[in-house]
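Colleague: Spelled out from the first residue to the last, the chains are:
Protein chains: 2
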Amino acid sequence: MPDTALDRRHLLKSAAAGAALLAPSSAFARSGDETAVRDAIGRGHDAALARLREWIALPSIAAEDRDMDKGADHMVAMLKDAGFQRAEKVPTRGHPGVFATLDAGAKRTLGVYFMYDVKQFDPAEWSSPPLEGRMVDKPGLGRVLVGRGATNQKGPQATFLAALHAMRAAGRKLPVNLVLVAEGEEEIASPNFRDIVTRPEIAARLSKTVGVFMPMNNQNAAGAVTINLGAKGALELELVASSAAWGRGPARDIHSSLKAIIDSPAWRLVQALQTLVSPDGNTVTVDGWHENVRPLSARQKALIAADARATDEEAEKRALGVARWVDDLPWLAVNERLAAAPTANIQGLVAGYTGPGGKTILPHRAVAKMDFRMVPDQTRAECAAKLKAHLAKRGFGDVEVKVTGGYDPTETAEDSMLIRGQVATYQQLGITPTMNPRLAGSWPGSVFTSAPLSLPAGHFGLGHGGGAHAPDEFMLIEPASSKAAGLEEATRSYVEFLYMIAAIKA
Amino acid sequence: MPDTALDRRHLLKSAAAGAALLAPSSAFARSGDETAVRDAIGRGHDAALARLREWIALPSIAAEDRDMDKGADHMVAMLKDAGFQRAEKVPTRGHPGVFATLDAGAKRTLGVYFMYDVKQFDPAEWSSPPLEGRMVDKPGLGRVLVGRGATNQKGPQATFLAALHAMRAAGRKLPVNLVLVAEGEEEIASPNFRDIVTRPEIAARLSKTVGVFMPMNNQNAAGAVTINLGAKGALELELVASSAAWGRGPARDIHSSLKAIIDSPAWRLVQALQTLVSPDGNTVTVDGWHENVRPLSARQKALIAADARATDEEAEKRALGVARWVDDLPWLAVNERLAAAPTANIQGLVAGYTGPGGKTILPHRAVAKMDFRMVPDQTRAECAAKLKAHLAKRGFGDVEVKVTGGYDPTETAEDSMLIRGQVATYQQLGITPTMNPRLAGSWPGSVFTSAPLSLPAGHFGLGHGGGAHAPDEFMLIEPASSKAAGLEEATRSYVEFLYMIAAIKA
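Chains as they are written, first to last, in the numbering used here: chain A, 2 to 507; chain B, 2 to 507.
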């Protein structure tokens, strides 16, 4: 999943953002199509739900090499069914992507990013079958559909397709053309997505769009929306100290009494690790790490300050289970640091005996699973190279840097047509979105926002869900006690967005 | 198990040690009992094997709380059956010990240390059932008995009991009295054994012995024997960094993007760890750690030098899978360091996500499983206290030191009757033992060698086995291609030892 959804769960937004503006009548309303399309959405409700449930029943999981080809074929079929004249699989060195176009004869073209894969799941942990898409009453929300992919990302994507079906059922042409790229490897950090997007024909078509958006359940349970203008990059890797690479230490785990005469890769890992951060663990100290860090702009700081004021620090601390922030920073500084600070994090440590109690061994190998988060203008390639150089310079050249995934940082201008269109659409729908200059999490947006495409990119959509990557993943279908949109209202938000993009001033 | 057996597997001894001396006729031979007892050992072969197999069929495992009371009862019954007039369970705060006495009306009394517990096992990993005690042909050795406890420690202990049975069957009184203490918690680091041994009545009886020995398969496959005059102590512990104790960091694992604003217990553990050792990981740098380290004596150095000359460095490197020793030390220095150097070892690192690939979390807890090895005159209590003070002084007072087990260092004088008796017995049996001043591994010998008892203590016995703590543990019963003793010859070694202890000059 894009880390966006995870962050949103962690960084609670105040419900104040939900206050409606007095918006001018919308492009959709002015089009004269509104009543017909609204009716079509209502009539299409059951078909849309059935389409989503059918998709959930076919889980494509790249990490398990499960139903990848079938998933891509199904994606192609769904797109054709929704009105794309052209939809085809794109081979990669890994699992296939999908490229599709819908020519509505419109002046403007909008880019769309889909993923057809889902996260692994263990049915034993679910309270209803993860592939069934069962409708369940969820206290505090309403009727929700439970299933793997319900919110990450099949639910909102199917909702966007429902909008296209409704337009066609109402006999209306889309107000914009669409160019869609999809991948089946989002959950394994999109290793081949840049290759898909930069294929000459696809890049050429994408370059003519006003930007690229991914459908998403962007509302929290109170109905509030945050627009992320960018996201940190991520560099995921394993730091591996081993006897084999070091030329010291034992070839396999041996009795710990031999530590007296044999070197320890576990100690070597500890020593290498401690050179990477300040003693408090909060500042990256890799040589040259901060060279390309661009400070926050005055506008970014202003947006962060507004967001900090609208958010309850104590509620946030409770939700995260923390007593103190790093350096005991005040709330405004915490919010700035979340957006501005590059980080080095240890996700996991694995060496030797990891079971209960002890075992008198000297391990031959020790691993730190790490992720570094980068900000503009750092890049993933730059940071990986600097990390390796830093270790080598300190005599740790044998400590292997095994990069396993990641993305460059991404940014989209607040005054881009894509973002202005999002803001205007949300306002039409009665929501004043909070603007977040930079998400602390990561998503593959840089594939679009960096050269050669250099397009605006972001997420859009009403709707609410939860449990991404977890058991009992759900999407809200019929709200009862929640102010977030249900399936039909979310579908309308996509229609509204398409009309807004067609109409907004360039 | 006593770490002794593990070390012996790692530190190969040259077969040169097996050369026979021209020994004077033995006390056993002079007693006139030899023929009768030899015959009785031969007649008792099947019964001795059956006794061992019956014992193996009843695995007492303290870590699993499995058959502990039954195991102690069985131990008591076996001892009575072997001629101990008194044998009884000794309650502890954990699992019961056993105390037994055999009064032969002799002048001298020998102490004996038994364990009735065995290490955990997984039958799926065994090539024959671990509780069956099946006889199997083992290439390079001969007929071996396979089963959990076969060599650690039921096999050699049952062999010692077979010696007592043979003496009785031959109508002979033992030449020494016996005082035996046994525990069922050896495999969990003997947490209550000191309490057993220092009970007033038991301590009083033990204090009248010439020393305490544990039966053991002391021969390598070539038949060579090493006598260990002492062993390092061990302090096993977990170093735990946690948000709960620190008052910083998350209460549970949270999304790793939040590292920007939330402290990391994993980094804290790394920072605390790196203060404990020199940058190469080979010297303990805990404040005051070396204050009570007694340097090797000239005699200890001479013994080590002799041992180093008799051992093949390249074969040792191959067996351990190491290319270089610490600091690229030469072979003699390696051998001295193995005996003389206190160590700090990381057995395992466990934090956050430990599965395949990565997972973008910031862990709330990080653990280093460690063992420190100590030399005389360091003590376990001293070292635990120094470690805590060292951490506290550097601001790491929240990093918890959870001591899970260990022993003080132990030493027995080379000129003690127990050791002289061992040397003389091995020589009678045609073996010149190598003397090892200090084993790098650990065993609970300090319970006997330290105050209040201050007795000599060590291991004795011919015989060969392998696979302690591992699948397919075995004891050699009928040697074919090995020069190590089989069951009957090993049984005779214990008889020879008893006569030697009775006869040797005080």
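No wet-lab data here; the hints were simulated from the structure. Watch out, some of these pointers could steer you wrong.
Copies of one chain are not kept apart here, so a pair can be met inside one copy or by any two copies together.
[Unchecked claim] With a straight-line cut-off of 30 Å between C-alpha atoms, the simulated DSSO-like cross-links for lysine-lysine are: (1) Lys90 x Lys506; (2) Lys120 x Lys360; (3) Lys403 x Lys360; (4) Lys90 x Lys360; (5) Lys139 x Lys120; (6) Lys318 x Lys108; (7) Lys360 x Lys318; (8) Lys139 x Lys81; (9) Lys360 x Lys139; (10) Lys71 x Lys360; (11) Lys403 x Lys506; (12) Lys209 x Lys90; (13) Lys71 x Lys506; (14) Lys360 x Lys389; (15) Lys90 x Lys174; (16) Lys387 x Lys139; (17) Lys81 x Lys389; (18) Lys360 x Lys394; (19) Lys108 x Lys81.
Colleague: Against each hint, give a clear statement of whether it holds in the structure.
Modeller: Here is how each hint holds up against the structure:
For a Cα distance limit of 30 Å, the shortest separation of Lys90 from Lys506 qualifies neither inside one copy, at 35 Å, nor across copies, at 92 Å. Taking CA atoms no more than 30 Å apart as the test, Lys120 paired with Lys360 passes between copies only; the shortest distance there is 12 Å, against 34 Å inside one copy. For a Cα distance limit of 30 Å, the shortest separation of Lys403 from Lys360 qualifies both inside one copy, at 28 Å, and across copies, at 15 Å. Proximity of Lys90 and Lys360 under a CA criterion of 30 Å is satisfied inter-copy only: 29 Å between copies versus 51 Å inside one chain copy.
Taking the shortest Cα distances, Lys139 and Lys120 sit within 30 Å of each other inside one copy (22 Å), while across copies they are farther apart (49 Å). Proximity of Lys318 to Lys108 under the C-alpha cut-off of 30 Å is found in neither arrangement, the shortest distances being 48 Å within a copy and 75 Å between copies. Taking the closest pair of Cα atoms, Lys360 and Lys318 come within 30 Å of each other only across two copies (23 Å); inside a single copy the shortest separation is 38 Å, beyond that limit. In this assembly of identical chains, the alpha carbons of Lys139 and Lys81 never lie at most 30 Å apart, being 34 Å within a copy and 68 Å across copies at closest.
Only between protomers do Lys360 and Lys139 lie at most 30 Å apart by alpha-carbon distance; the minimum there is 28 Å, versus 46 Å within a single protomer. Taking CA atoms no more than 30 Å apart as the test, Lys71 paired with Lys360 passes between copies only; the shortest distance there is 26 Å, against 46 Å inside one copy. When the C-alpha separation of Lys403 and Lys506 is checked against a cutoff of 30 Å, the pair qualifies neither within a copy, at 47 Å, nor between copies, at 66 Å. Within a single copy, Lys209 and Lys90 get their C-alpha atoms as close as 21 Å, which meets the 30 Å cut-off; across copies the closest is 87 Å, which misses it.
Taking identical chains as interchangeable, the C-alpha atoms of Lys71 and Lys506 are never at most 30 Å apart, the minima being 41 Å within one chain and 87 Å between chains. In this assembly of identical chains, Lys360 and Lys389 lie within 30 Å of each other by CA distance solely across copies; the values are 22 Å between and 33 Å within a copy. In the homo-oligomer, the alpha carbons of Lys90 and Lys174 lie at most 30 Å apart inside one protomer (25 Å), although the nearest pairing across protomers, at 90 Å, exceeds that limit. Within a single copy, Lys387 and Lys139 get their C-alpha atoms no closer than 48 Å, and across copies no closer than 54 Å, so neither meets the 30 Å cut-off.
Proximity of Lys81 and Lys389 under a CA criterion of 30 Å is satisfied in neither setting, with 47 Å inside one chain copy and 67 Å between copies. With identical chains, the CA atoms of Lys360 and Lys394 are at most 30 Å apart between copies only, with a shortest distance of 29 Å across copies and 34 Å within one. Taking the shortest Cα distances, Lys108 and Lys81 sit within 30 Å of each other inside one copy (22 Å), while across copies they are farther apart (101 Å).
Comparing the model with each earlier hint shows violations of hints 1, 6, 8, 11, 13, 16, 17; every other hint is respected.
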